[in-house]
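**Q** Residue-level listing of the chains:
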Amino acid sequence: MRNKLVFVLCLLAAGILCWQLYNVLLNLPNEKDQGAIYRIVYFHVPAIFTGFIGFFIALGASGMYLGTRNLKYDAFAAAVTEVSLTFATIVLATGMIWGRIIWGIWWTWDARLTTMLVCWLIYAGYLMLRRAIDEPTQRARLSAVVSIFGCTDIMIVWKSIEWWRTQHPAPVLSVRDGGGMAPGMESPIYWNWLALMCLAAVLVIIRMRQENMSREIDSLRRMAHSY
Amino acid sequence: MGKTSVGSFLSSTVAIASKDLRSEFRTKEALNASFAFSVVILVLFSFAFDPSSEQLQTISGGLLWVVFSFAGALILNRSFARELQNDCLDALISSPAPTGALFLGKAIANFVLLMIVELASLGVFALFYDSRFGAQLLPIALVIALGTWGITVIGTMFSALTVNLRMREMMLPTLVYPLLIPALMAAMTLTTDLMSGTPIGKDNTIWLRVLIGFDFIYSILSVVFIDVVLVG
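So the protein sequences, as listed, match chains A and B. Numbering of the first sequence is given in the working numbering, commencing with residue 1 and proceeding in unit increments. Numbering of the second sequence is given in the working numbering, commencing with residue 1 and proceeding in unit increments.
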């Protein structure tokens, strides 16, 4: 059942990504100020949406773990955080490539870039903490707390768009008052977002399976040692 | 919470804080080490840039908070780790004092210790780098107190969180510094402004709000979650 789900989601993600790659690269015209490089937005923005949604889901899963003390939620939180961190890395990488072309620099210490990097560091710390603790329930407990503290920091990132005037381009999607993109140019962002969400779901399912298996192996090993 | 339980919570908090402060003031180990360390960093800074340049004004806030947060790590690392000997931590957890009071007591003690180190190194900084901030002393003290509370709350919480880990000394700074960045950014900006004579006003009140908000949010989160961290 799960294998079928993984297969279907994979197929869906691959289909949409291929179709949108064709659309973005061959159908859409260059942007009038930025030229061809603006197309990176079709991966940058969907990746940031997927990553942030993942961090919030991880927050929910961590809360559920603390509420129920069921280790399944911990495995879910760990898998989602790992996958989201990957998408956060994509956001930083694509953003840097875009910045090199448009601003002429790889990195600028703009508030949004900095806070994104801070989030990345927090969740990298979360994953490092998980590796430093052997006992599963202790690991689940402590990393749930770190996830909650880290997500609070993400809220500060989110608010920072309003708090600080920044060098980062203002949000271009129409959901935020008016926006700046032409209607035909905007839809690939949402399609790619759907594709990346499917991809994220696939990765999370596979990662969770690994997590559950490694826990099972761990408990078998403990049993073997106790004899 | 009834009136008596609030009273007993507060008296437990005070008891823990005074216990920590008393044991630190008897040995002064962490205080001395932390102060010596911050003086060393201040001396190192003189090689990193021209100490007599005008540029110093614009980076003074940043320098100070780097010193403060490094010095803080030394104090905070020991906060819970010192209770591991003779199973004192287990005794504290099983005592009738609520874990929230245990946390707050330790946070207050750390705050006092860190403030002492910071004010001393602020004096050394003024001496070495000819910084004149006398006119803005009160606002600077306020910003230092707010920033220090942020460092202490997060630091004490993560000191409890990492107390039983193998790589405690490495994990604490790795986890704490990224979380502290919003507070440190705010404190650095405000301190730099105040040191160069700009009072807290229209342009920088947002940073004061960030700092107060940070302290408030993480104080509440820490008191709520300390039980999960220490007890389970």
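If you're looking for bench data, these hints aren't it; they were derived computationally from the structure. Nothing here was measured: the structure is a model prediction, and the numbers come from that model. Virtual Cβ for every residue (Gly too), placed ideally from N, Cα, C. Treat the hints loosely; a few may be bogus.
Said to hold, decoys possible - Residues from chain A that face chain B, not an exhaustive set, calculated with beta carbons under 10 Å: (1) R39; (2) V118; (3) G150.
Claimed, not checked - Each pair of labels, with its calculated beta carbon distance range: (4) A:Q138 with B:G123: 41 to 47 Å; (5) A:Q138 with B:I116: 30 to 36 Å; (6) A:W19 with B:I220: 31 to 37 Å.
**Q** Taking the hints in turn, state whether each one holds.
**A** Verification of the hints:
no.	hint	in the structure
1	R39	32 Å, violated
2	V118	5 Å, holds
3	G150	7 Å, holds
4	A:Q138 with B:G123: 41 to 47 Å	43 Å, holds
5	A:Q138 with B:I116: 30 to 36 Å	34 Å, holds
6	A:W19 with B:I220: 31 to 37 Å	48 Å, violated
Hint check: violations occur at hints 1, 6; the rest are consistent with the structure.
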